[in-house]
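Peer 1: Sequence:
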Amino acid sequence: MLPGRRHARSNLTPIPSKTEPARVSTDYRPLETASLQFGEDGTPYSIKYDDVYHPHAGAMGQARHVFLGGCGLPSGWQGQEDYVILETGFGLGHNFLATWEAWRADPKRCKRLHFISVEKHPFPVSDLAEAHAASGAPPDLAAKLRAQWPLAMPGFHRMHFDEDRVTLTLLFGEAHMMLPELHAQADAIYLDGFAPGKNPDMWSPAVFEALAERSHSDTRIATWSVSAWVRTALAEAGFLTDKQAGFAGKREMLCGRATTISERRLNPTDRRAIVIGAGLAGTSMAERLASRGWDVQLLESASQPAQGASGNLAGAFRPLPSADDGRLFQMTRAGFLYGLRHLKGLQAEELKVRWAPCGVLHLARDAEQEEKQRAIVDAIQAPQDFVRFVDRRHAERIAGAPVAYGGWFFQLGGWINPPSLCVANLARFPGRITGRYSSPVARLQRVGKMWRAVAADGQLLAEAPVVVLANAADAKRLALADWMPLRVARGQVSHLPEDAIPALKTVVCGQGYATPAIDGVTCAGATFFADDESTHVRLGDHLENLDKLQKMLPGFAKNVPMDRLSGRVGQRPVSLDRMPIAGEMPSVMSGRGFDMATVPRHAGLYMLSGFGARGLVWCSLLAEYVASQITNEPSPLPDSLADRVDPARFLFRKIRSAPVAEI
Numbered sequence: 001m002l003p004g005r006r007h008a009r010s011n012l013t014p015i016p017s018k019t020e021p022a023r024v025s026t027d028y029r030p031l032e033t034a035s036l037q038f039g040e041d042g043t044p045y046s047i048k049y050d051d052v053y054h055p056h057a058g059a060m061g062q063a064r065h066v067f068l069g070g071c072g073l074p075s076g077w078q079g080q081e082d083y084v085i086l087e088t089g090f091g092l093g094h095n096f097l098a099t100w101e102a103w104r105a106d107p108k109r110c111k112r113l114h115f116i117s118v119e120k121h122p123f124p125v126s127d128l129a130e131a132h133a134a135s136g137a138p139p140d141l142a143a144k145l146r147a148q149w150p151l152a153m154p155g156f157h158r159m160h161f162d163e164d165r166v167t168l169t170l171l172f173g174e175a176h177m178m179l180p181e182l183h184a185q186a187d188a189i190y191l192d193g194f195a196p197g198k199n200p201d202m203w204s205p206a207v208f209e210a211l212a213e214r215s216h217s218d219t220r221i222a223t224w225s226v227s228a229w230v231r232t233a234l235a236e237a238g239f240l241t242d243k244q245a246g247f248a249g250k251r252e253m254l255c256g257r258a259t260t261i262s263e264r265r266l267n268p269t270d271r272r273a274i275v276i277g278a279g280l281a282g283t284s285m286a287e288r289l290a291s292r293g294w295d296v297q298l299l300e301s302a303s304q305p306a307q308g309a310s311g312n313l314a315g316a317f318r319p320l321p322s323a324d325d326g327r328l329f330q331m332t333r334a335g336f337l338y339g340l341r342h343l344k345g346l347q348a349e350e351l352k353v354r355w356a357p358c359g360v361l362h363l364a365r366d367a368e369q370e371e372k373q374r375a376i377v378d379a380i381q382a383p384q385d386f387v388r389f390v391d392r393r394h395a396e397r398i399a400g401a402p403v404a405y406g407g408w409f410f411q412l413g414g415w416i417n418p419p420s421l422c423v424a425n426l427a428r429f430p431g432r433i434t435g436r437y438s439s440p441v442a443r444l445q446r447v448g449k450m451w452r453a454v455a456a457d458g459q460l461l462a463e464a465p466v467v468v469l470a471n472a473a474d475a476k477r478l479a480l481a482d483w484m485p486l487r488v489a490r491g492q493v494s495h496l497p498e499d500a501i502p503a504l505k506t507v508v509c510g511q512g513y514a515t516p517a518i519d520g521v522t523c524a525g526a527t528f529f530a531d532d533e534s535t536h537v538r539l540g541d542h543l544e545n546l547d548k549l550q551k552m553l554p555g556f557a558k559n560v561p562m563d564r565l566s567g568r569v570g571q572r573p574v575s576l577d578r579m580p581i582a583g584e585m586p587s588v589m590s591g592r593g594f595d596m597a598t599v600p601r602h603a604g605l606y607m608l609s610g611f612g613a614r615g616l617v618w619c620s621l622l623a624e625y626v627a628s629q630i631t632n633e634p635s636p637l638p639d640s641l642a643d644r645v646d647p648a649r650f651l652f653r654k655i656r657s658a659p660v661a662e663i
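So for the sequence shown, full-length UniProt numbering puts the first residue at 1; every next one is plus one.
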């Protein structure tokens with residue numbers, strides 16, 4: 001297990017009922033972005049910290065001499081399966097760009113490079129472009145970095161480059177808060193904040209202790225600072241350092257090693273996995289493992305992918321804000337931003353995902369909620385591209401139809417056709433994913449270190465050391481996890497003929513949702529009935545969807561002839577706490593005597609389910625998370641979120657008997 005989860009929370013709150021709101025984070029702090037300024041000599045300069053971002057002699061030169069050279073790179077990563085670099089102070093990104101450039105140029109490079117960096121004040125992308133042009137940063141790599149540059153939102157932001165062989169994870173926030181949330185083990189550490197006298201928080205004992213906890217016995221560390229304070233604090237945290245020749249006009253720099261007894265984590269040598277289920281969860285899981293060079297056997301009971309809830313014509317793609325940055329907001333925000341990069345990446349590779357970033361308008365249900373939505377936007381101070389409040393008149397112009405109230409507008413959101421996303425995921429790494437359809441799995445068997453998927457007649461369908469259960473609510477049966485509160489919820493979507501309704505310009509949601517016309521119909525829905533396994537389209541469900549539409553968009557569907565309505569029913573897997581289920585399965589039925597970090601696990605057995613109505617938002621990020629767990633790589637989720645999606649969380653909670661709330 002990598003460092004970080006040892007600090008996992010064991011005092012998890014009970015699953016909330018409708019009358020008892022969940023306790024949420026009070027640590028939310030809107031980011032204060034940096035602004036590019038230049039000193040008299042033309043060097044990028046921070047007015048806030050009264051210090052330069054790099055020496056006048058050059059950012060790229062310093063990166064190569066101090067950080068790459070000081071950490072023994074590129075020789076340190078040669079022959080490794082993967083290599084992890086952890087940096088304090090991303091700044092303008094020159095250390096990352098120099099490292100990526102050196103990795104590309106090295107024929108003996110590691111197969112996968114992870115670069116993790118903390119940044120409290122990220123730059124706008126326009127400032128990065130100006131600084132990169134002036135600094136001599138490699139133009140092609142700098143452009144690729146800027147193309148994926150995250151919105152200025154707190155949290156973890158993961159980006160992939162060079163066919164996913166280079167991964168950059170940016171932690172936007174304060175180092176002393178972000179690093180303890182990081183589940184990773186560093187092979188090299190770059191210390192590159194502003195001078196200790198200018199920004200002491202970046203060089204604090206708390207930061208150095210967090211770095212030491214994420215090190216192993218061969219971890220290298222380097223910095224341009226030779227301050228006595230820095231040397232002492234590093235020694236107290238467990239780093240042995242010595243002075244070496246510095247860069248340009250600086251006489252000395254500091255290099256060293258960790259003294260921890262922790263061994264370097266190992267990657268699995270048998271890279272085979274079984275993924276059960278070929279919907280959004282399963283195809284996303286298969287794609288994320290295939291991106292790491294794994295061979296995946298995909299088992300599906302239906303005759304082709306995306307035949308369950310993932311087979312709907314279209315679904316809304318947007319996050320769900322809250323003023324206090326609760327876990328649900330954190331998960332939907334992170335999933336939305338990562339998913340957006342994934343969609344664009346598939347599109348760039350000419351894999352045909354049907355989607356439209358036409359925006360999503362989330363309308364209030366009444367005047368009181370409208371004011372709450374306005375207050376939430378004011379509280380989180382998010383970039384307007386992410387969310388902004390619009391009044392009723394503005395909302396009508398965006399939607400192209402009368403609306404009852406104003407609400408949130410997510411400019412980057414839109415609709416996605418789930419089957420096309422499933423197919424694109426499976427096509428991305430040809431030869432790595434083998435699909436076997438019309439192959440229901442009756443049971444799993446553990447034989448030695450292998451898992452076997454067996455059919456009802458005893459036929460062996462697949463064998464591998466890793467199994468991921470991504471087959472919706474049926475995952476609970478295969479995992480023999482009757483204790484898990486994973487249930488099904490019937491959802492019926494109504495298809496309204498395009499010629500009978502006004503033309504929507506954007507996705508509209510709130511009490512229900514409606515999409516712009518796709519293939520001649522507008523999708524409207526969806527109903528939500530827990531534990532209803534019927535798959536028949538019902539007139540009553542159509543009427544409920546039309547009633548929701550009337551409340552959001554008065555008069556929108558008044559001319560729809562009932563005999564021309566069609567629709568589709570999907571069964572969605574839902575958990576009682578509204579959060580997804582992602583991670584390694586526990587092998588006990590009670591959390592008594594354990595905490596989240598020490599609970600025994602079924603080695604090699606993972607689950608990815610419980611998405612409810614948010615499969616499009618969560619599938620890509622949570623598949624990346626589970627893949628990182630399986631391969632022992634740095635996590636894309638902070639520990640506090642990882643705990644909230646862990647299948648074992650239910651062992652530590654009192655499960656309520658209240659009905660499942662619609663999500």
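Just so you know, the hints here were simulated from the structure itself, not pulled from any lab data. Backbone N, C-alpha and C define an ideal beta-carbon position, used for all residues, glycine too. It cannot be assumed that every hint is accurate.
What the hints assert, rightly or not - Computed spacing ranges between beta-carbons, pair by pair:
| hint | residue 1 | residue 2 | range |
| --- | --- | --- | --- |
| 1 | P440 | A367 | 47 to 55 Å |
| 2 | I261 | D457 | 20 to 28 Å |
| 3 | G400 | Y45 | 42 to 50 Å |
| 4 | R397 | D51 | 15 to 23 Å |
| 5 | G197 | K344 | 36 to 44 Å |
| 6 | P205 | A379 | 54 to 62 Å |
| 7 | D50 | E349 | 28 to 36 Å |
| 8 | G400 | E163 | 48 to 56 Å |
| 9 | P600 | K198 | 43 to 51 Å |
| 10 | I47 | K243 | 55 to 63 Å |
| 11 | T434 | D50 | 57 to 65 Å |
| 12 | S438 | R477 | 31 to 39 Å |
Peer 1: Compare the structure with each hint and give your call.
Peer 2: Here is how each hint holds up against the structure:
For P440 and A367, the hinted distance range of 47 to 55 Å is satisfied, since their beta carbons lie about 50 Å from each other. Range check, I261 to D457: about 51 Å between beta-carbon atoms, so the 20 to 28 Å window is missed. Our hint of 42 to 50 Å for G400 and Y45 holds, since their Cβ atoms are close to 47 Å apart. Between R397 and D51 the beta carbons are some 46 Å apart, a value that contradicts the proposed interval 15 to 23 Å.
In this structure the hint that G197 and K344 lie 36 to 44 Å apart at CB holds, the actual value being about 42 Å. Between P205 and A379 the CB atoms are about 33 Å apart, so this pair departs from the stated range of 54 to 62 Å. Between D50 and E349 the beta carbons are some 45 Å apart, a value that contradicts the proposed interval 28 to 36 Å. Between G400 and E163 the C-beta distance comes to about 40 Å, which lies outside the given range of 48 to 56 Å.
At roughly 48 Å, the beta-carbon separation of P600 and K198 lies within the given 43 to 51 Å, and the hint holds. Between I47 and K243 the CB atoms are about 31 Å apart, so this pair departs from the stated range of 55 to 63 Å. Separation of T434 from D50 is about 59 Å and conforms to the stated range, judged on CB atoms against 57 to 65 Å. Take S438 and R477: their Cβ atoms lie about 19 Å apart, and the range 31 to 39 Å is violated.
In the structure shown, a violation is registered for the earlier hints numbered 2, 4, 6, 7, 8, 10, 12, in ascending order.
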